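4 protein chains.
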Amino acid sequence: MPEKDFKEILRNVEQFKISNNTDIIELINSLKNTGFNAKRLAVACEIYNEMINNKDCVKFFGLAGALVPVGLQRIIHDFLKEGFIDVLVTTGANLTHDLAEALGYHHLQGNIEIDDKDLHSEDINRIYDVFMPNKVYEGIEDFISKLEISDYQMPVSSFLNCLGNSLPQNSHSILRVCAEKEIPIFCPAFTDSGLAMQLGFHHQNLNLNHFKDMLEMINLAWDTKNAGICIVGGGVPKNFIMQSLQFCPNSATYAIQITMDRPEPGGLSGASLKEAISWGKINERAKYSTVISDATIALPLIFWYLKKMQEKKKN
Amino acid sequence: MPEKDFKEILRNVEQFKISNNTDIIELINSLKNTGFNAKRLAVACEIYNEMINNKDCVKFFGLAGALVPVGLQRIIHDFLKEGFIDVLVTTGANLTHDLAEALGYHHLQGNIEIDDKDLHSEDINRIYDVFMPNKVYEGIEDFISKLEISDYQMPVSSFLNCLGNSLPQNSHSILRVCAEKEIPIFCPAFTDSGLAMQLGFHHQNLNLNHFKDMLEMINLAWDTKNAGICIVGGGVPKNFIMQSLQFCPNSATYAIQITMDRPEPGGLSGASLKEAISWGKINERAKYSTVISDATIALPLIFWYLKKMQEKKKN
Amino acid sequence: MPEKDFKEILRNVEQFKISNNTDIIELINSLKNTGFNAKRLAVACEIYNEMINNKDCVKFFGLAGALVPVGLQRIIHDFLKEGFIDVLVTTGANLTHDLAEALGYHHLQGNIEIDDKDLHSEDINRIYDVFMPNKVYEGIEDFISKLEISDYQMPVSSFLNCLGNSLPQNSHSILRVCAEKEIPIFCPAFTDSGLAMQLGFHHQNLNLNHFKDMLEMINLAWDTKNAGICIVGGGVPKNFIMQSLQFCPNSATYAIQITMDRPEPGGLSGASLKEAISWGKINERAKYSTVISDATIALPLIFWYLKKMQEKKKN
Amino acid sequence: MPEKDFKEILRNVEQFKISNNTDIIELINSLKNTGFNAKRLAVACEIYNEMINNKDCVKFFGLAGALVPVGLQRIIHDFLKEGFIDVLVTTGANLTHDLAEALGYHHLQGNIEIDDKDLHSEDINRIYDVFMPNKVYEGIEDFISKLEISDYQMPVSSFLNCLGNSLPQNSHSILRVCAEKEIPIFCPAFTDSGLAMQLGFHHQNLNLNHFKDMLEMINLAWDTKNAGICIVGGGVPKNFIMQSLQFCPNSATYAIQITMDRPEPGGLSGASLKEAISWGKINERAKYSTVISDATIALPLIFWYLKKMQEKKKN
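Protein chains in written order, with the working numbering: chain U, 889 to 1203; chain V, 889 to 1203; chain S, 889 to 1203; chain R, 889 to 1203.
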């Protein structure tokens, strides 16, 4: 970038104020005029809003991490319900915990001071400071053992659609809302989950077709003119979306990721979005922003902003 | 902790919702029912609010990092103005940048793609994605060279008070509001700053008394019944507050820190607040919360919550 | 832990020396007498050595991250060749890059300053500071398109065994050495890889059975008296090993992990090994150590120590 | 960088091997042919070795963190003794702990499971997993109360020289070896330490001159043709060296830093060395490397490499 160019784009940092009348839109607009992760968060909000307002944009959402146990199931559910997600890729763990909540079980607020040996002796499983009694798995097992599976070779995504349809209607279940709204869910590492283990134990000949999912996902990318992606936490969901986008004619034109991992050790979850340009997964002219933040803080703020912006647009 | 005890304290994680009517108080209350850093942030908000409402509480605030250049000068200023801070400990860098803004200069929104060699040839200094033209230092030098210093051996905190009084009244300067409201500012590593270098060049016999500051800070802690601390980013401001609190009769009874550093490598900035209990810096029964977050995201949210809570209390 | 107990276990930190005669065993022994991650690394070395010397111990090794592209293929290969690994769980990406090297292709030392747009226009893919020309995929495609697959419904692990047997003998391939030594390799998220995409394109009816792998892995854990685990980088390989260990009668009795992720945001890769005790994945009395380090630094040191210790044992 | 240029510099990643004959020089040379932090560590070793072999190079070393308590006092001591450091900048905490060890006290290997309340009731202070009995401070107090200070207005660095000379000769003390070898030590945040508190209590009129240190450090930089820097952990020592280097005619021509902090939140400790080029602190053509690693792992490896290289050079 030649010198004179870069000086032209420089703008003053604005020392912003929060008043009694500040709302989430004003806050994000103020953070846009700062730097570091505050600016990245504001840019991510703006990009996501553009993704929603662009009717051609297909919004791929990659969800890793333990966001359901920690209490963000309904936020994810509402992203789906509001139409902010067109294709969901997630982990088996998130689906297992979603199923647990859909069946009426609850996760618990614990703390990291409690001895894991005591937890073990009480059959309580720990996810950092969130707990889940082991007996929840018995409820899942009971449900799964009675589940009728029409085709043992269907794609995982088809199975997840059936599963969603079999769940109670008034829950805030991710599986359920995806089934209702016919939003495809992919889970490439499905057998790496408590849900899949129960399925494997009770349906010994099950061989859900992972390759059909992979090809279907590539087809979805292939047919997309404007791809937008939001990656929460990285992992297999990130890579599965990214590998498919190599087959998307324009690659992704919008990209957001929220992660606490760092890039230097070379792992995928911490990899910059810029790196994906070299692979042709993200377009050279894409708008993108990586927010280095715990998703439990950043994701509710983004949803809040998007929701307010949609409301504002209607009025 | 005996088993039956810990089971009694467990509560359900609440899958919370964000609606069109959500405000910052409702959001923080919702996050309180989750886990990970969202809960930590909510607990930090609640603790800080209690610190404010407890009239006996002396609120020590440690500020490291580049929060002034990035655009949070006014947020810090308003923490001070609203009475949310009783004693401020900060870095020379923050004071240098505060002075720059008070004198009418601005920091710039840059980006990390611009080549540092090009920046150097244009005399622009980079702080991650925020820039400051080097000529700002000329303005600071001009100001400092004309500054009259009545006593070359006064404590740094006294000098900072004089400095604040010499600044324009209508700015959002941290130095200025501290002087106006007679809030003590300490800067233990003062000579590690551009401001101190200019002072050293123009006032060759200056020997501001750092030891008097140290003893004064210990006296402040000694006289405090209820100490509350908020640490942003760690560093010398954190340790300087902490070492003084060993002399506070009850140690700190409230403690918050916002940091992105991690504890395992043993550095102070990432050290847990719990560790400070062993040193007698934090009381065994203190309420405390460490939020692993970029302060540019967490601090405005905390301020927003506190401001709304104060408003609510008035009505 | 009662007070008097903890005081009895305290030992002096030894201020160690490195001399001209220091070897890796002496260094690790010295680091054992320190703290922070140096001690964790030393304890990890000691635990792994004990796993090797315990003939009943089945050593599960979970490998995520980009260790093959970055130049650690041969270190992993030698872990396998030396008998330091009994069951390998890895990612499709590692297998894809292993295949590339086995077929005679090379990864390249790049740097993060090079513009990703320029890389894209030259068809070079970036993994942090390591590059891979895109044409390598053509070589992989050519190889895969000619591959004869005897059974389209075999488990992924069986397919990987066939694949290893079809590779050149004198390479340092992970796939090859596993096939030669009949070490099972599992890849739960296989369809999340360039290798699987080529398979899917050229073998349209392929439906490798992921559920059989899952059940086989559970059987392996079920039959193990002394399980030892080494987790590099976390991800699906970590969870897949961990979920199986719930079915191991004694859970894991030795556990090591090397990761740069942090625990607070609740993701699996950063989760402490202690947390796994609550789930019954790791035994209450297990020896365990998490090393917060880039695996490219820690893993060669661990291998070097183990190799020297084995040599010493022979003499 | 034009396209054809970057392709010319690309070299193959070498899949390296560790054998029974591997020594630290071979390991580092092998890591040089990889990527991620392994390569950064190897490059740092190579740069430091060049700094030592370049007789014109003045080697500035910034030491933050708790490396003395954790057991690296002797490694730092030997860096100084071997002539690998010409100017040391450190924290008051490191000096306090150095003094404790010099007076015959020891730090203890603890663990993070022990309750901080129990530690407090036993008067044991915790630094992550390293402990120090509080009674050590009594020994320091006893020593300090008897110390004769010839000039209450001398620079901190002069005081530290006197202090070093007053310590037992056969210790592995950093203060002692600096005094013996007349290596200047600077401690810009000296009053932020247990040592300074004891001084302040027992020498009420003490006003060590911090400004003279600042100016002396600038003079040292001013007179340096080839500056090399090694930064461990960041903090005030990093900034104090960096601010002085703005006055060094060629800025730093070699630069290494070892840190676990990340750059995105804008703090100094995690700031890239490249950023310092914009400020004129590091030369545009400097050789530099940041190693993202716990210093307790990286620093002994670097010392080991340097020591072996010096030995090799002699033979």
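Hints listed in this document are in silico derivations from the structure and should not be mistaken for laboratory results. It is possible that part of the hints are untrue.
One copy or any two copies: either way a pair holds, since identical chains are not told apart in the list.
[Unchecked claim] List time: in silico DSS-like cross-link candidates among lysine-lysine, alpha-carbon distance up to 27 Å:
hint : residue 1 : residue 2
1    : Lys1201   : Lys920
2    : Lys920    : Lys905
3    : Lys1069   : Lys905
4    : Lys920    : Lys1023
5    : Lys1069   : Lys1162
6    : Lys1069   : Lys1005
7    : Lys1023   : Lys1202
8    : Lys895    : Lys1196
9    : Lys920    : Lys1195
10   : Lys1069   : Lys1202
11   : Lys905    : Lys1195
12   : Lys1034   : Lys1162
13   : Lys1069   : Lys1196
14   : Lys1005   : Lys1200
15   : Lys920    : Lys1069
16   : Lys920    : Lys1162
17   : Lys1201   : Lys1162
18   : Lys943    : Lys905
19   : Lys920    : Lys1196
20   : Lys895    : Lys969
21   : Lys895    : Lys1162
22   : Lys1034   : Lys1202
23   : Lys1175   : Lys1162
24   : Lys1162   : Lys905
Just so it is clear, the structure is predicted and the values come from calculations on it, not from any experiment.
*Hints that the structure is at odds with (numbers, increasing)*: 5, 6, 7, 8, 12, 14, 15, 17, 20, 22, 24
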